[in-house]
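S.K.: If you're matching them up, the sequences are chains B and U in order.
Residue 128 in my numbering is what sits at position 117 of the first sequence, and the numbering runs on without skipping anything.
Residue 459 in my numbering is what sits at position 448 of the second sequence, and the numbering runs on without skipping anything.
Think of the hints as simulated: they come from the structure by calculation, not from any bench.
From the three backbone atoms N, C-alpha and C, an ideal C-beta is built for every residue, glycine too.
Some hints here could point you the wrong way.
Derived SDA-like pairs: lysine to any residue, alpha-carbon spacing no greater than 20 Å straight-line [to be verified]:
| id | chain 1 | residue 1 | chain 2 | residue 2 |
| --- | --- | --- | --- | --- |
| 1 | B | Lys124 | B | Lys380 |
| 2 | U | Lys56 | B | Leu390 |
| 3 | B | Lys56 | U | Arg384 |
| 4 | U | Lys380 | B | Pro54 |
| 5 | U | Lys385 | B | Ala58 |
| 6 | U | Lys56 | B | Ile435 |
| 7 | B | Lys55 | U | Lys385 |
| 8 | B | Lys56 | U | Leu367 |
| 9 | U | Lys56 | B | Val181 |
| 10 | B | Lys380 | U | Asn57 |
| 11 | B | Lys223 | U | Thr572 |
| 12 | U | Lys55 | B | Leu376 |
| 13 | B | Lys413 | U | Leu92 |
| 14 | B | Lys602 | U | Asn57 |
| 15 | B | Lys287 | U | Pro382 |
| 16 | U | Lys55 | B | Lys413 |
| 17 | U | Lys55 | B | Asp389 |
| 18 | B | Lys380 | U | Leu386 |
| 19 | B | Lys230 | B | Ser261 |
| 20 | U | Lys385 | B | Trp109 |
| 21 | B | Lys193 | B | Trp109 |
| 22 | U | Lys55 | B | Phe392 |
| 23 | B | Lys124 | B | Val181 |
| 24 | B | Lys55 | U | Asp372 |
| 25 | B | Lys55 | U | Phe392 |
| 26 | U | Lys385 | U | Val374 |
| 27 | U | Lys56 | B | Asp377 |
With the Cβ distance kept under 7 Å, some of the chain B side facing chain U (calculated, not the full set) [unchecked claim]:
| id | residue |
| --- | --- |
| 28 | Gln64 |
| 29 | Asn68 |
| 30 | Leu71 |
| 31 | Ser75 |
| 32 | Ala79 |
| 33 | Leu80 |
| 34 | Tyr82 |
| 35 | Ser85 |
| 36 | Glu89 |
| 37 | Cys404 |
| 38 | Ser411 |
| 39 | Leu438 |
| 40 | Tyr445 |
Protein chains: 2
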Amino acid sequence: MVEQGVLDIMYLNKNNSSSAASSPDKEKKNFDNLKISFTDDYPKKNAEILSGQYGINLLLVGLSLMLALSYSGSAVKEEHLLSLLISLMLLQITWMLWYIVRKGRQTCFVSEKDSDAGTSWLRGGLSLLALISLIMDAFRIGYYVGYKTCLSPAVGVYPVIHAVHTISQVHFLWFHVKDVIKTFETFARFGVIHAVFTNLLLWCNGVISEAKHFLDTHKRRLLDLGYTNITVGEEEPCCNCTTNTCSIFSHGLSYLYPFNIEYHIFVSVVLFVMWKNIGHTTEYQRNQNVVMRTNGLVAGPILGTIALASTIVVLVLYIIKVGDSAESRESAVTMFYCYGIVMLLFMCLAGSVGLLIFRSDNVPLDYSKNPSRKLDADLLFGTAIGSWLMSWCSILAVISIKSRPVYGWINFMYSLLVIIEKYIQNLFIIESLYRKQETSERDEVETIPEIYSVSAGSSLSLASSYNGIINRAFENQDKVCVSLETDQEINNQGYSHTRSLPEGSISLHTRRLAKPSKRRRVLKNIAVFLFLCNISLWILPAFGCRPQFDNGIEEETFGYTIWTTIVTVAMPLNLFYRMHSVASLLDVFRKV
Amino acid sequence: MVEQGVLDIMYLNKNNSSSAASSPDKEKKNFDNLKISFTDDYPKKNAEILSGQYGINLLLVGLSLMLALSYSGSAVKEEHLLSLLISLMLLQITWMLWYIVRKGRQTCFVSEKDSDAGTSWLRGGLSLLALISLIMDAFRIGYYVGYKTCLSPAVGVYPVIHAVHTISQVHFLWFHVKDVIKTFETFARFGVIHAVFTNLLLWCNGVISEAKHFLDTHKRRLLDLGYTNITVGEEEPCCNCTTNTCSIFSHGLSYLYPFNIEYHIFVSVVLFVMWKNIGHTTEYQRNQNVVMRTNGLVAGPILGTIALASTIVVLVLYIIKVGDSAESRESAVTMFYCYGIVMLLFMCLAGSVGLLIFRSDNVPLDYSKNPSRKLDADLLFGTAIGSWLMSWCSILAVISIKSRPVYGWINFMYSLLVIIEKYIQNLFIIESLYRKQETSERDEVETIPEIYSVSAGSSLSLASSYNGIINRAFENQDKVCVSLETDQEINNQGYSHTRSLPEGSISLHTRRLAKPSKRRRVLKNIAVFLFLCNISLWILPAFGCRPQFDNGIEEETFGYTIWTTIVTVAMPLNLFYRMHSVASLLDVFRKV
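Chain B extracted, bound-state conformation (with noise of 0.2 Å):
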């Protein structure tokens, strides 16, 4: 193994100076000049690039299967992407093997953890999906029995390999994805990046697969209300079930791809984080065990109970109307467009709240060096391209479009507000990873030198007379910006004899004792409703609601295939936007 010393020709610097003189022979020196060595020392950034781009080569090879899949008179069949995919994930199965053997073999393996990588409650969601992902792996070996006459064995082996990968994995990820690894850098670096771009193809396959069947659904709706010139692709195999179970099996699946689709992404990127930590020392400060305080947590919950609950509402009566007449179809987008207009401008105004409150607070920015969350940031950023580009043709379908369907402006209205919804909650929840952390301790840290200061600037009897207000300050930290402007009176009065003071400073700092609790509430309200709202948003698109195939208006301006190339495109980086909106925003609720 390269990893484990030196190349056998060659010569380490170290010894060098004495070999070369005790060895009379000449040969010998002429090797002098190939001391090369590929452990210790290899440099980091070259590992990075070495180990990134093995990676990147192993998804095109799969997503090149892919393409190849996806045209009709290709010699490439879905036995070769599975056979692919299962030896992928055998390797990576043996990597995490090898690890494991070896950390529990040798204590100093891993000297450092990083506590902001993979969170227990990232982890537990990660489990829960993982659990639904056994359960479709059952769904997928109960459909091969019953067509195993006309299916080739790989679609058997398939969901088997799949269902001790997936417990693997999440057996890996439980107790070892926190590892800062420092030794074996360059070997573990492949193996990680191994891991990340199996569950990224993993992640492509799923996703295509629910794209066609998107994609047949609509195409049969397509047929049903009168159009003649599409082909539907053929979803079942040719032969007979031999059990009863096949359609139940093959139904369910449908339900169950988004979340073995958002399993695998989630996996890559938590993967990606402990690659990106190798042969790293975390320079930022630990997270303290920061307690989830819910107390004043009322409006946010409660309205985003409200937009959950109306959410599944819409998308069942969009799924029953959709399919029935032209008319009902009509009814159910233009349904969907209003439904979504009030949501995402309720959204607007919390983002924008949180990001006024935190204008009116500004604290410093912390820029230390913390991959995780550059990672979300980036994400974040990065995805959302996938739904402004679908939002920006809606936009330019509306404006160009000859005939007028009811819901074009409406359609104009929505895709507008995505955009801006997007460009705000971004904000607000970069903003919101990259503050300072203020703890209520860091409050009353900082606050007691500055009353201190008051009573220096003043004199000591003074301030002495004033203990009981600020002492009542501190004791009711939280009381007291909600009394404060009942008690402003009181106060004015009680300082109208205090002329000496240096005017306002006393209802200056009871206020910044109260405000970051008042604060902190309000961004918690914010943070739970943006994350109930951005759940829902994930729930339409994911079960079926797409009006993007469903209004006919962009595939006026773009063509069929230009634009169901565009949604296939998009529609996966919205629905992970969502689902990784959905746990920055935890994260946010954690820190504010």
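Since chain B is already given, all that's left is putting chain U on it; use the hints.
M.R.: Frame of chain B; chain U shown alone:
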């Protein structure tokens, strides 16, 4: 302007304590919670996200127009896109004017310069490309004059504005691109990112026009070869040319496109670095005036020139042959692949030797923050993906194809080598850019104390008796490494009576004096060779040598639509990769 101060309704933190207490009215006190300022302390990260999102959306608006244009049934016409581009360019010109005027008035406007950004050779290269872009604008105006009666005025206005834009932009780049802006940060950020994305849009526009031109040529060739179910898009406007020069202009344009495309993408990269630099404190060391030494450059330039010359021969032969019969097309494609394999083999070899040299002399890498270098590395990595995808698709196509064309396995070999070559070249360039600079001064400075430590370790008289040897080594630094092997025996005899010295220590030192120079010479030759090879590999696809369209293998596996889409997306990335490698290799050449 938000930039210039504080919004009127809001209070600054500083003034707050006094103003709140001195004003007795209650309303103002309630406002106190809204002390919002958008000025000085507006966090840098937010300004980055704010302007970055603006830029991305600008690009997406343009992209959606381009996508609509590519569908024939759309109501969007070319003049709409041109109008957008014209207004964006005008906006950028206005901003640049503001910047120049502002900088002229205020001396403290820009306090720092980033010496690594926009090196003079880069600016020189850009000016050259800009000059060709200006010629292209002249051609476009000529073309418009010919077809004036049936073309939209936008087609005539566009080249005029583009010419003004080009001139003012080159002026801006020459005198201001190194600026590290520290005041008006947020406004400046918007201006610079607007410029970045305007240029990216102009790049996209150029790429799409070029792709259309290529596809039309390709279709016409297919028609000539007997394929009938293909419709060729009409390139000519629907009226007669009023001058005699229209066909010259339209023909000339197709040869000038590649330069215009490279011009815009390079400008956006350079401006992006400027954007990244805003508000930064440059922590990395400034470039000393590196003297470009050219002694010892023999093998690299000679081999590179041979490669370049043969490339031009191959290009001419290919273009002549490929339009002929099916047989001569086959021989043209085979010739291209054979030539490519030889070329890429040599490039792989050169890159590997470079990497081995780096491994034999592990200099620590420089990880200090340097936006320009980080972007270079990211771009090399990111743009390589395009051609990797094409290559993997080709490999898959060759493996899975049923019919066996003569050049099937040569295509396989070629594609594999493309992947490996980019892999190695990226490693080589990125490591070169990250290595701490070894100037010859450093070598000398470092060696002197080592020599004296030897004298101290033994006796002074011994050391002085070897002054002759050491001084000679100093004076003939460049010659020593050549004469070292022949002198070895003499030296050994010389040492034989000085056993009191540590074994071989002097032979080590003389070697250390000599080695960097020898290593550096080999590295310089490699850099020059790769530089010329990358130019060659840029020329071929830029001027019409695209066997991906002409071999027919991939179309059989992926279908015409998917494959042309892949090539259309991946080819501009590949072209940019080659040009960017050329620029980076020039940097490598200066550094090693």
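S.K.: Evaluate each hint against the coordinates.
M.R.: Each hint tested on the structure:
{"no.": "1", "hint": "B:Lys124 / B:Lys380", "verdict": "15 Å, holds"}
{"no.": "2", "hint": "U:Lys56 / B:Leu390", "verdict": "15 Å, holds"}
{"no.": "3", "hint": "B:Lys56 / U:Arg384", "verdict": "12 Å, holds"}
{"no.": "4", "hint": "U:Lys380 / B:Pro54", "verdict": "17 Å, holds"}
{"no.": "5", "hint": "U:Lys385 / B:Ala58", "verdict": "16 Å, holds"}
{"no.": "6", "hint": "U:Lys56 / B:Ile435", "verdict": "14 Å, holds"}
{"no.": "7", "hint": "B:Lys55 / U:Lys385", "verdict": "14 Å, holds"}
{"no.": "8", "hint": "B:Lys56 / U:Leu367", "verdict": "16 Å, holds"}
{"no.": "9", "hint": "U:Lys56 / B:Val181", "verdict": "34 Å, violated"}
{"no.": "10", "hint": "B:Lys380 / U:Asn57", "verdict": "17 Å, holds"}
{"no.": "11", "hint": "B:Lys223 / U:Thr572", "verdict": "18 Å, holds"}
{"no.": "12", "hint": "U:Lys55 / B:Leu376", "verdict": "8 Å, holds"}
{"no.": "13", "hint": "B:Lys413 / U:Leu92", "verdict": "18 Å, holds"}
{"no.": "14", "hint": "B:Lys602 / U:Asn57", "verdict": "18 Å, holds"}
{"no.": "15", "hint": "B:Lys287 / U:Pro382", "verdict": "19 Å, holds"}
{"no.": "16", "hint": "U:Lys55 / B:Lys413", "verdict": "45 Å, violated"}
{"no.": "17", "hint": "U:Lys55 / B:Asp389", "verdict": "15 Å, holds"}
{"no.": "18", "hint": "B:Lys380 / U:Leu386", "verdict": "18 Å, holds"}
{"no.": "19", "hint": "B:Lys230 / B:Ser261", "verdict": "18 Å, holds"}
{"no.": "20", "hint": "U:Lys385 / B:Trp109", "verdict": "33 Å, violated"}
{"no.": "21", "hint": "B:Lys193 / B:Trp109", "verdict": "16 Å, holds"}
{"no.": "22", "hint": "U:Lys55 / B:Phe392", "verdict": "16 Å, holds"}
{"no.": "23", "hint": "B:Lys124 / B:Val181", "verdict": "18 Å, holds"}
{"no.": "24", "hint": "B:Lys55 / U:Asp372", "verdict": "15 Å, holds"}
{"no.": "25", "hint": "B:Lys55 / U:Phe392", "verdict": "16 Å, holds"}
{"no.": "26", "hint": "U:Lys385 / U:Val374", "verdict": "19 Å, holds"}
{"no.": "27", "hint": "U:Lys56 / B:Asp377", "verdict": "10 Å, holds"}
{"no.": "28", "hint": "Gln64", "verdict": "5 Å, holds"}
{"no.": "29", "hint": "Asn68", "verdict": "6 Å, holds"}
{"no.": "30", "hint": "Leu71", "verdict": "5 Å, holds"}
{"no.": "31", "hint": "Ser75", "verdict": "4 Å, holds"}
{"no.": "32", "hint": "Ala79", "verdict": "5 Å, holds"}
{"no.": "33", "hint": "Leu80", "verdict": "10 Å, violated"}
{"no.": "34", "hint": "Tyr82", "verdict": "4 Å, holds"}
{"no.": "35", "hint": "Ser85", "verdict": "5 Å, holds"}
{"no.": "36", "hint": "Glu89", "verdict": "13 Å, violated"}
{"no.": "37", "hint": "Cys404", "verdict": "4 Å, holds"}
{"no.": "38", "hint": "Ser411", "verdict": "4 Å, holds"}
{"no.": "39", "hint": "Leu438", "verdict": "6 Å, holds"}
{"no.": "40", "hint": "Tyr445", "verdict": "5 Å, holds"}
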